Amino acid sequence: RDKEPRFCLIWRRKSSITAAQMKLFVSEGNPHCIKVLAVLELTGVKCDIENVNHEEKVVPFLSRPVLPVLLLPSGQHLFSSNAICQYFFEIGGKAPADASTQWLEWEATELQPILGHALQMLVLQGKSAEAAKALEDPMNFLEQNLSKRTSSFLTSDTVAVEDIVLWAALFPLYLEPTELTSVFTWFERVGALPACQSAAQRVLQGRGQAALKGFLQKQPVITLRRDTPPCNQTGAEEAEHLMTEEELQSAARTWSLGLTDFQTQPERQHPILPQEGKRNVLVTSALPYVNNVPHLGNIIGCVLSADVFARYGRLRGWNLLFICGTDEYGTATENKAREEGLTPQEICNKYHAIHSSIYKWFQIDFDFFGRTTTPRQTEIAQDIFWRLHDRGFLIEDTVEQLRCENCQCFLADRFVEGMCPHCQYPEARGDQCDKCGRLINAVELKAPQCKVCGLTPVVRSSKHLFLDLPKLEPDLEQWLDRSLSTGDWTTNARHITRSWLRDGLKPRCITRDLQWGTPVPHPDFSSKVFYVWFDAPIGYLSITANYTDQWEKWWKNPQQVELYNFMAKDNVPFHSVVFPCSLLGAQDNYTLVNNLVATEYLNYEDTKFSKSRGVGVFGDMAQDTGIPSDVWRFYLLYLRPEGQDSAFSWADMALKNNSELLNNLGNFINRAGMFVSKFFGGCVPEMELQAEDKRLLAQVGWELRQYIQLLDKVRIREALKCILNISRHGNQYIQVNEPWKNIKGGAPERQRAGTVTGVSVNVACLLSAMLEPYMPTVSQTIREQLRAPESCAHAMLRGEGIFVRSLPSGHRIGTVSPLFQKLETDQIEALRKRFGGQQPKTEKPQDVASTKACVPEAPAARAVGADPEKAKQLEAAVAEQGEKVRTLKAQKAEKPVVIAEVSKLLELKKQLALAEGRDPEPATQKGKRK
Amino acid sequence: MALRELSSLEKFLGLKKPHKYSTQGVKKVPLLQSNNGPALVGLATIASHLAKEAKKPELLGTTPEQRAVVQQWLEFRVTRIDECPREEIRTVLKDLNQYLEDKVYLAGNSLSIADPLLYYAIHHIVVDLAVQEKERYMNLTRWFDHIQHYPGVRHHLAPVVVLRNRVYTSCHH
Numbered sequence: 001r002d003k004e005p006r007f008c009l010i011w012r013r014k015s016s017i018t019a020a021q022m023k024l025f026v027s028e029g030n031p032h033c034i035k036v037l038a039v040l041e042l043t044g045v046k047c048d049i050e051n052v053n054h055e056e057k058v059v060p061f062l063s064r065p066v067l068p069v070l071l072l073p074s075g076q077h078l079f080s081s082n083a084i085c086q087y088f089f090e091i092g093g094k095a096p097a098d099a100s101t102q103w104l105e106w107e108a109t110e111l112q113p114i115l116g117h118a119l120q121m122l123v124l125q126g127k128s129a130e131a132a133k134a135l136e137d138p139m140n141f142l143e144q145n146l147s148k149r150t151s152s153f154l155t156s157d158t159v160a161v162e163d164i165v166l167w168a169a170l171f172p173l174y175l176e177p178t179e180l181t182s183v184f185t186w187f188e189r190v191g192a193l194p195a196c197q198s199a200a201q202r203v204l205q206g207r208g209q210a211a212l213k214g215f216l217q218k219q220p221v222i223t224l225r226r227d228t229p230p231c232n233q234t235g236a237e238e239a240e241h242l243m244t245e246e247e248l249q250s251a252a253r254t255w256s257l258g259l260t261d262f263q264t265q266p267e268r269q270h271p272i273l274p275q276e277g278k279r280n281v282l283v284t285s286a287l288p289y290v291n292n293v294p295h296l297g298n299i300i301g302c303v304l305s306a307d308v309f310a311r312y313g314r315l316r317g318w319n320l321l322f323i324c325g326t327d328e329y330g331t332a333t334e335n336k337a338r339e340e341g342l343t344p345q346e347i348c349n350k351y352h353a354i355h356s357s358i359y360k361w362f363q364i365d366f367d368f369f370g371r372t373t374t375p376r377q378t379e380i381a382q383d384i385f386w387r388l389h390d391r392g393f394l395i396e397d398t399v400e401q402l403r404c405e406n407c408q409c410f411l412a413d414r415f416v417e418g419m420c421p422h423c424q425y426p427e428a429r430g431d432q433c434d435k436c437g438r439l440i441n442a443v444e445l446k447a448p449q450c451k452v453c454g455l456t457p458v459v460r461s462s463k464h465l466f467l468d469l470p471k472l473e474p475d476l477e478q479w480l481d482r483s484l485s486t487g488d489w490t491t492n493a494r495h496i497t498r499s500w501l502r503d504g505l506k507p508r509c510i511t512r513d514l515q516w517g518t519p520v521p522h523p524d525f526s527s528k529v530f531y532v533w534f535d536a537p538i539g540y541l542s543i544t545a546n547y548t549d550q551w552e553k554w555w556k557n558p559q560q561v562e563l564y565n566f567m568a569k570d571n572v573p574f575h576s577v578v579f580p581c582s583l584l585g586a587q588d589n590y591t592l593v594n595n596l597v598a599t600e601y602l603n604y605e606d607t608k609f610s611k612s613r614g615v616g617v618f619g620d621m622a623q624d625t626g627i628p629s630d631v632w633r634f635y636l637l638y639l640r641p642e643g644q645d646s647a648f649s650w651a652d653m654a655l656k657n658n659s660e661l662l663n664n665l666g667n668f669i670n671r672a673g674m675f676v677s678k679f680f681g682g683c684v685p686e687m688e689l690q691a692e693d694k695r696l697l698a699q700v701g702w703e704l705r706q707y708i709q710l711l712d713k714v715r716i717r718e719a720l721k722c723i724l725n726i727s728r729h730g731n732q733y734i735q736v737n738e739p740w741k742n743i744k745g746g747a748p749e750r751q752r753a754g755t756v757t758g759v760s761v762n763v764a765c766l767l768s769a770m771l772e773p774y775m776p777t778v779s780q781t782i783r784e785q786l787r788a789p790e791s792c793a794h795a796m797l798r799g800e801g802i803f804v805r806s807l808p809s810g811h812r813i814g815t816v817s818p819l820f821q822k823l824e825t826d827q828i829e830a831l832r833k834r835f836g837g838q839q840p841k842t843e844k845p846q847d848v849a850s851t852k853a854c855v856p857e858a859p860a861a862r863a864v865g866a867d868p869e870k871a872k873q874l875e876a877a878v879a880e881q882g883e884k885v886r887t888l889k890a891q892k893a894e895k896p897v898v899i900a901e902v903s904k905l906l907e908l909k910k911q912l913a914l915a916e917g918r919d920p921e922p923a924t925q926k927g928k929r930k
Numbered sequence: 001m002a003l004r005e006l007s008s009l010e011k012f013l014g015l016k017k018p019h020k021y022s023t024q025g026v027k028k029v030p031l032l033q034s035n036n037g038p039a040l041v042g043l044a045t046i047a048s049h050l051a052k053e054a055k056k057p058e059l060l061g062t063t064p065e066q067r068a069v070v071q072q073w074l075e076f077r078v079t080r081i082d083e084c085p086r087e088e089i090r091t092v093l094k095d096l097n098q099y100l101e102d103k104v105y106l107a108g109n110s111l112s113i114a115d116p117l118l119y120y121a122i123h124h125i126v127v128d129l130a131v132q133e134k135e136r137y138m139n140l141t142r143w144f145d146h147i148q149h150y151p152g153v154r155h156h157l158a159p160v161v162v163l164r165n166r167v168y169t170s171c172h173h
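Residue numbers (full-length UniProt numbering), protein chains in the order written: chain A, 1 to 930; chain B, 1 to 173.
Just chain A, with the same shape it has in the complex (with noise of 0.2 Å):
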């Protein structure tokens, strides 16, 4: 089969240049289009040159722009500067050898990252003992080539590809004579080349160093110890960890210590406070605004991701408190409110129950869901101000402002758009550049709009208070040194950050013109309100101190408290520099972020959700399309945006729920019981482990210190993919054992199977505790199925993890009934249409009937000849049926055998459909071909 011919059927394309022309697109200040452009003149190779842009993406098929790029005569694009330059040394007549290949391949694997990150910090930062530091090694390494060479240049006597792409990438240090003397003296020697001092000065434009500042502020930051751990080393999900006899041993050992402390989980008894001698952590998750309603991506980014993080570490027995709550001041209310015909007040009581009822049915857990617009963050809020003020961290400036005669009111920067003065995109909001992301002042923007009522405002100024961040920078600095070392914070958290610092910080306005928001306290500012990023981060504080009077318990004590703040990227700079500056300038001990903790974005189909457009599913929607919770926090958490933006898909949900929770995890669970209750009588065998079976044990228990290693480091995606490979082994472990087969045997047969079946069932325990924080319904489910002891689950996921025989022999279990459903191809294909924002709204009333109908769990709309008793009775037979078939095929029966049971098991299905009043025709399975 391997040699097999394979025969690709493909046009190429014309490319649009014919003739023997080529093109090489060059960018001032660019670092690397030196070398290509010594080269070019060294060589004397005829190509036209063009200017562009850093930004401009001249290679089609590369998502981010590079330059310097060669267009060729055929059309292709070379992106490699190294490669361009050896092609320009060819056609000039010169063809590499080995030696240079090698100087090349040096440049670019080992060179050019240390030099990336050395320039960052020469060129940006300043730092030139640390630049130097970093490119000790390189520079070492070419010192002691050179130094051994008697020819001239790196490889032979005349200049050679290797010496101008080496010359070129030191060329930015400006090297000036050290101990160096061999590199010193080629160094010299190559720059004196009129070749390379014209290329350099075309690139540096003779601005020296400062040329490249454009160009590596665009570049990611570069670090020389990741963050994050290549991808090819083996990590936790790919690697099959193989059992040591040790590790065997070890885990039998800890199994069969059974529950051995029966300690409980503590009733949580309100308030909860700090207390010594406990991990005290405190769980916020970003403050939605109230005016939204949440879609998905709000979902998973902050409320859902901080809940299943509390839930863990409630079970691992740590003091928690999670807080959130609704974001309330602001313009974006008080023109909802004109709108609708209310109060302020009255918009933000209609939302703030609307958001509470959605995290209900998300299965929020907070401790206290509040809200901003209470007299404690009035009080709180004013002290704030007040203690910054005392402490000369605030000043005092005219700002131009504009307003909109028309609508007679200053406009909030959202309630502007108009032309980005940056990029020039037409849409730019009134802070914040969406195409280009550079943060705006809403006078700079070219033709501004007012987004109520279209009009263009006029600017008028209006004196401000601004928060000093300057003055607060090395304050900052030296607490995110802290923070950052010992705490978790994402990666992009990090990123985020640092380019914020990079940039240099500057005064930010606190104050606005506006009504709805907490009054500024200061006598010359009566008319105005604390501008909302300087107010909200305050809400964390006003709602605990809502929610208890000892709030500061918590906001003040950053010697017993650990802060997790949940969001998504968006809000970073928020938590992460502003908020905190506010905090320390108020001098008054406060407890500040230890761990932030930031998710990507979601995306909806490939698109983004819109409200407008009506596209993506609403917090308040998911209720409505009859997939439980569970399934959606399930889903979302699959694909938490961790590390990089996810895309939430309709046929994707799908697939997870069949394939994940229907056919692994749900069907190892029902199988694990099911066996208990029908071989045994509902009671736990005995069990008499064997090598097989402490193997498993082995896994188990590996995976599930992994999940705990996981989480503790907030890594929710990846924990959950522990859970589905215990099932995964577990689904294995039953397949080889067939205890269904052996329960058919003589005494040692019977006894295997109860082994299996009592290993199974305990594993399934495990699982249900793993799960809480995930699907708690579920979880809760699995144990009363089990009738699990109430400790288990905190028993388990103590310390490192430890996976116990929590059900011992002659455990009684509860009646198992399956834990999950079927999403079908045609109500998911419904449920697509009906969110997918382009049919229309005429269309919609029946559509949402059609959907309702193949929902199994809207009682209200079933079809025609549905009878949910009798199809109870006959999904048992199904599945008694499906037993019998699968039993048959492992014994490896005759084939007629097979096929008779095999058909009586189609009509039991069709049957069951017809009950459910389901369509018995079974879906066409696409995925499903081998």
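Because the hints were derived from the structure by calculation, they are not lab data.
Remember, it's a predicted structure, so these values are computed and weren't measured experimentally.
Virtual Cβ for every residue (Gly too), placed ideally from N, Cα, C.
Check the hints yourself; a few may be wrong.
[Unchecked claim] Under 8 Å between C-beta atoms, here's a sample of chain A residues computed to sit facing chain B:
1) S63
2) A83
3) Y87
4) E90
5) I91
6) D98
7) E105
8) T109
9) W533
10) Q644
11) D652
[Said to hold, decoys possible] The calculated lysine-lysine pairs, modelled on DSSO-like cross-linking and capped at a C-alpha distance of 27 Å, are:
12) B:K52 - A:K218
13) A:K57 - B:K103
14) A:K148 - B:K27
15) B:K94 - A:K608
16) A:K133 - B:K27
17) A:K94 - B:K56
18) A:K23 - B:K103
19) A:K218 - A:K127
20) A:K94 - B:K52
Could you slot chain B onto chain A? The hints should help.
For chain B alone, kept in the frame of chain A given last:
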């Protein structure tokens, strides 16, 4: 890892006597000691050298243009794929997929050493892709399947199953 693929590459090139390699530094850069002259260091350098030694210079490209393209993809492999941070993998796959849209081989109209070397480098990534992801990177997967079945290339790596009919027709084009 690099050493096993060099030995597979030797077999593919038809070199009878296997070379002895060692590695250098924390990154385990491969090193080939030779009798005449200094050692060769670096995967791309050694691979190019082996092609010449096997008297198959056509595998490095037959025109200056193709030779540059081959070198470019060798460099891409050692700089962009080896040591690629986890969050970057998708971008690399996406770019490759885009590039291969109208191509059978990485450089020109015949196999070059860039093909097996890139195939070796991404094998561990492709092996783990779900069917749906393989379809998302359809051109890359097609190229991958072609190269893994090219006589004499695969050697030390497990074959990856590629479905030839599309399963997820509803999304991604």
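Do the hints match the structure? See the list:
1. S63: 5 Å, holds
2. A83: 4 Å, holds
3. Y87: Y87 (chain A) check passes; min Cβ-Cβ to chain B is 4 Å, inside 8 Å.
4. E90: 4 Å, holds
5. I91: At 5 Å from the nearest chain B Cβ, I91 (chain A) passes the 8 Å test, so the hint holds.
6. D98: At 5 Å from the nearest chain B Cβ, D98 (chain A) passes the 8 Å test, so the hint holds.
7. E105: 4 Å, holds
8. T109: 5 Å, holds
9. W533: Since the shortest Cβ distance to chain B is 28 Å, the answer is violated.
10. Q644: 5 Å, holds
11. D652: Nearest chain B Cβ about 7 Å off; hint holds.
12. B:K52 - A:K218: Cα-Cα ~40 Å, so violated.
13. A:K57 - B:K103: With a Cα-Cα distance of about 21 Å, the restraint between K57 (chain A) and K103 (chain B) holds, given a limit of 27 Å.
14. A:K148 - B:K27: 25 Å, holds
15. B:K94 - A:K608: 20 Å, holds
16. A:K133 - B:K27: Between K133 (chain A) and K27 (chain B) the Cα gap is close to 20 Å, so the pair holds against 27 Å.
17. A:K94 - B:K56: It holds: about 20 Å lies between the C-alpha atoms, which stays within 27 Å.
18. A:K23 - B:K103: 22 Å, holds
19. A:K218 - A:K127: 19 Å, holds
20. A:K94 - B:K52: 17 Å, holds
Hint compliance for this structure: hints 9, 12 are broken, all remaining hints hold.
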